[in-house]
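Protein sequences, first through last, are from chains S and L. Counting the first sequence from 1 gives a position; my numbering is that position plus 3. Counting the second sequence from 1 gives a position; my numbering is that position plus 3.
Calculated from the structure, these hints are not laboratory results. Because the structure is a prediction, the values reported are computed rather than measured. It is possible that some hints are incorrect.
Copies of the same chain are indistinguishable here, so a pair counts whether it falls within one copy or spans any two.
As the list claims (entries may be wrong) - Derived PhoX-like pairs: lysine-lysine, alpha-carbon spacing no greater than 25 Å straight-line:
1) Lys25 x Lys300
2) Lys46 x Lys194
3) Lys290 x Lys35
4) Lys35 x Lys25
5) Lys259 x Lys300
6) Lys35 x Lys300
7) Lys259 x Lys290
8) Lys259 x Lys76
Number of protein chains: 2
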Amino acid sequence: MKDLVQRMLSGERLALARLISKVENRDSELPKYMEALYPHTGKTQVWGITGPPGAGKSTLVDCLAVHLRKQGKRVAIVAVDPSSPFSGGAILGDRIRMQRHSSDDGVFIRSLGTRGKHGGLSHATKEVVLVLDAAGFDVVLVETAGVGQTELDILRLAQTVLVVLVPESGDSIQVMKAGLMEIAHVFAVNKSDRPEADQLVRELVMMVGLNKHDEKSWMIPVHKTQATRDLGVAEVIAAIQAHQEHLTVSGERLLKASEFLKNEVAEILSERLSHTVMAAFDTRSGKEVLEQVLNRKLDPYAAADLISGV
Amino acid sequence: MKDLVQRMLSGERLALARLISKVENRDSELPKYMEALYPHTGKTQVWGITGPPGAGKSTLVDCLAVHLRKQGKRVAIVAVDPSSPFSGGAILGDRIRMQRHSSDDGVFIRSLGTRGKHGGLSHATKEVVLVLDAAGFDVVLVETAGVGQTELDILRLAQTVLVVLVPESGDSIQVMKAGLMEIAHVFAVNKSDRPEADQLVRELVMMVGLNKHDEKSWMIPVHKTQATRDLGVAEVIAAIQAHQEHLTVSGERLLKASEFLKNEVAEILSERLSHTVMAAFDTRSGKEVLEQVLNRKLDPYAAADLISGV
Chain S
4 MKDLVQRMLS GERLALARLI SKVENRDSEL PKYMEALYPH TGKTQVWGIT GPPGAGKSTL
64 VDCLAVHLRK QGKRVAIVAV DPSSPFSGGA ILGDRIRMQR HSSDDGVFIR SLGTRGKHGG
124 LSHATKEVVL VLDAAGFDVV LVETAGVGQT ELDILRLAQT VLVVLVPESG DSIQVMKAGL
184 MEIAHVFAVN KSDRPEADQL VRELVMMVGL NKHDEKSWMI PVHKTQATRD LGVAEVIAAI
244 QAHQEHLTVS GERLLKASEF LKNEVAEILS ERLSHTVMAA FDTRSGKEVL EQVLNRKLDP
304 YAAADLISGV
Chain L
4 MKDLVQRMLS GERLALARLI SKVENRDSEL PKYMEALYPH TGKTQVWGIT GPPGAGKSTL
64 VDCLAVHLRK QGKRVAIVAV DPSSPFSGGA ILGDRIRMQR HSSDDGVFIR SLGTRGKHGG
124 LSHATKEVVL VLDAAGFDVV LVETAGVGQT ELDILRLAQT VLVVLVPESG DSIQVMKAGL
184 MEIAHVFAVN KSDRPEADQL VRELVMMVGL NKHDEKSWMI PVHKTQATRD LGVAEVIAAI
244 QAHQEHLTVS GERLLKASEF LKNEVAEILS ERLSHTVMAA FDTRSGKEVL EQVLNRKLDP
304 YAAADLISGV
């Protein structure tokens, strides 16, 4: 088992892929793997990329990867798609995307989809990022495909979040306003050759300006991009790297790392608890408790007290 | 406090609304309220209604309510909208929708939105349903606006799920196929005056037919509706009521009730745990643990062991 971690640390691709699968499948030996690889973490930058469907996120993410490679950085792309039956699968499969980077050992791409319960995906993504961190990737790009609450949970694990928008009707922006300002550190207005692009840029700049801020706080920059023609991408990268610098200087980096780790610990305990509870309901006294709740002789909160004691 | 529950049980609207707010705001006295109202639960039917944006869910839900009122049933509508900044708010406000039923004491409407963490919404919705159950509503219609993973979690609390679709491109159906069959008990093809409606009905019927089933299992019926003209709605209600009958006869009702209550207990404990963990990190020894995790001297799983002992 430590052998697998050793092989991953020495750069073996197959070992890395197998470790990630173990995280996805919630392998029972995960604590031991984490113990072995965790001391090697703490160096990677995690960038989150999100935006509405059709904004061109995947193309932009691929561009970011190409630029980062030119800077000599090793890059991992984690494409997270917690798609429901209605949203469908928005992210291209690993194989198609790998083609662009197929001859490059410095790029690693992996898609994560929903397995089991919702909470699991956000937790698994966090641990996949830790594995990639230990594997020595300089930047991990976490791209979320969907537009729901799960994706927002996942973005909390990124230090810098790039929100990709496209010029469309102005109304929709009004709706998103409050929520976007909370998650974005950099805005990219993609497909900026469209006529309404400048209008959208103006609206975003005004939105940013209306937010309270002093000299020390981060002012969200707005950049125009055309990912398909590789235009404006270098500027976006510079903005993200400036935000990373800001995190270090302002002390926010340490705060974010603390939050990330507190949540990771909480999720480990929560996963353990959910197993414990279900096992408790399978015992004889657990079954009696359930029987009493079903018969309305015991309410769920009282049952919770009893079950946690089983 | 018991007074508030008593007033709710005797039919006072204001008391009901206040109790629901207490559930939404995770009032610290919730266990006591639940203890008082829980013995009065266990009689309501919970119907879930979902589908892609623009399928006409809200209109259909209002029609269902009107029909159920004609059957003499008291109806509650819970519209759940865990909308992210990208999806926007898809559900009309309570006030607008209330107008149609404003003179009718037998209809209660409430919207629930995201507060705090994701997990919270699904848990709160479950407890709102318990409150409405105790308040004596015969049917609770839980309508989910969005299309993400959170909504699917929420639908698990319904005994019968109606999936509303509209005739559109055939491809999308292929994508949804697997997921839809898992959650639907009845299909409604709404806006069935559109030209591709019959094609969609055929595809759905074929999909249902391909599923393995024996005589005892539920065969998902497919109905055409035009909610705006109140066409086909009676047939949908009959189908849902047939499914409710099937749940009783097959013994599935008891299984579903058990799952509902086990999950409710698990979520109560999980909510409690997350408070405990965050409090533990605020103690002196908790801060030392976090410090060691940040310095990579302790991995998150080992930290979890220590924190649960703080």
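So, going through the hints one by one against the coordinates:
1. Only between protomers do Lys25 and Lys300 lie at most 25 Å apart by alpha-carbon distance; the minimum there is 23 Å, versus 42 Å within a single protomer.
2. When the C-alpha separation of Lys46 and Lys194 is checked against a cutoff of 25 Å, the pair qualifies neither within a copy, at 33 Å, nor between copies, at 54 Å.
3. With identical chains, the CA atoms of Lys290 and Lys35 are at most 25 Å apart between copies only, with a shortest distance of 23 Å across copies and 33 Å within one.
4. Taking the closest pair of Cα atoms, Lys35 and Lys25 come within 25 Å of each other only inside a single copy of the chain (12 Å); across copies the shortest separation is 42 Å, beyond that limit.
5. When the C-alpha separation of Lys259 and Lys300 is checked against a cutoff of 25 Å, the pair qualifies only between copies, where the shortest distance is 18 Å, while the shortest distance within a copy is 45 Å.
6. In this homomeric assembly, Lys35 and Lys300 come within 25 Å of each other (Cα to Cα) only across copies, at 15 Å, whereas the closest approach inside a single copy is 43 Å.
7. Taking CA atoms no more than 25 Å apart as the test, Lys259 paired with Lys290 passes between copies only; the shortest distance there is 15 Å, against 42 Å inside one copy.
8. In this homomeric assembly, Lys259 and Lys76 come within 25 Å of each other (Cα to Cα) only inside a single copy, at 23 Å, whereas the closest approach across copies is 52 Å.
In this structure, the one hint that does not hold is number 2.
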